[in-house]
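Peer 1: Okay, here's what each chain looks like letter by letter:
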Amino acid sequence: AQSVTQLDSQVPVFEEAPVELRCNYSSSVSVYLFWYVQYPNQGLQLLLKYLSGSTLVKGINGFEAEFNKSQTSFHLRKPSVHISDTAEYFCAVIIPEPNTGFQKLVFGTGTRLLVSP
Amino acid sequence: EAGVVQSPRYKIIEKKQPVAFWCNPISGHNTLYWYLQNLGQGPELLIRYENEEAVDDSQLPKDRFSAERLKGVDSTLKIQPAELGDSAVYLCASSFSGEATQYFGPGTRLLVL
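If you read the sequences in order, they're chains P and L. For what it's worth, my numbering labels the leading residue of the first sequence as 4, then goes sequentially. For what it's worth, my numbering labels the leading residue of the second sequence as 3, then goes sequentially.
FYI, nobody ran anything at the bench for these hints, they're computed from the structure. Among the hints, a few may not be true.
Said to hold, decoys possible - Quick list of in silico lysine-lysine cross-link-like pairs, DSS-like style, CA-CA up to 30 Å:
1. K64/L x K17/L
2. K64/L x K13/L
3. K13/L x K107/P
4. K18/L x K80/L
5. K52/P x K72/P
6. K107/P x K73/L
7. K18/L x K64/L
8. K73/L x K13/L
9. K52/P x K107/P
10. K72/P x K17/L
11. K17/L x K80/L
12. K107/P x K80/L
Please take these sequences and the hints and turn them into a complete structure.
Peer 2: What follows is the structure in structure tokens.
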């Protein structure tokens, strides 16, 4: 079964510093990969996604992620963070079932990004 | 374009009481999902609808949870009776049928006392 691992439960960083949030997945087949952000007391907002094509994916709010098939990783990066980036970030993987076409989204446990002045 | 709408946003009930959550997906989205998000965890799928048909409810605790999507648009998730362990955030999401990208609502935060 596929799974998603976010090794860092919390990442503290100073404003304007770069940040990388790590995500690894386990799957032997092609996957689709997502990063969602959840601000306090809100739902999940899609940051970016990798479906196919270029392995470097750019998303909203200046975030980007790189799909690395050999390392089964999809790390999220931002060159300069803002206070407003403080939130919970979830990596998720989806694998299409060949017969039904159903695509179950499986989430990691999340990484809390704490940006301080 | 309006996003996924959920209500109520917050609900506090006593254990053994019933509770219901409502979700209206993005217009045109045939597929609707209900997720459970426990504190400090990622969301986990409870049930998926394709139009009005529940096509995957394997993770729904059927002894106390039920869901419906009678006209293939909005949906209701019910818990009866609620237990202390049901305290969590219940998220609704929707997508076009067969598409990978899901769009989430703001969630309903349930507290069972």
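Peer 1: Run through the hints listed earlier and report the numbers of any the structure violates, in increasing order.
Peer 2: When the structure is compared with the hints, only number 10 turns out to be violated.
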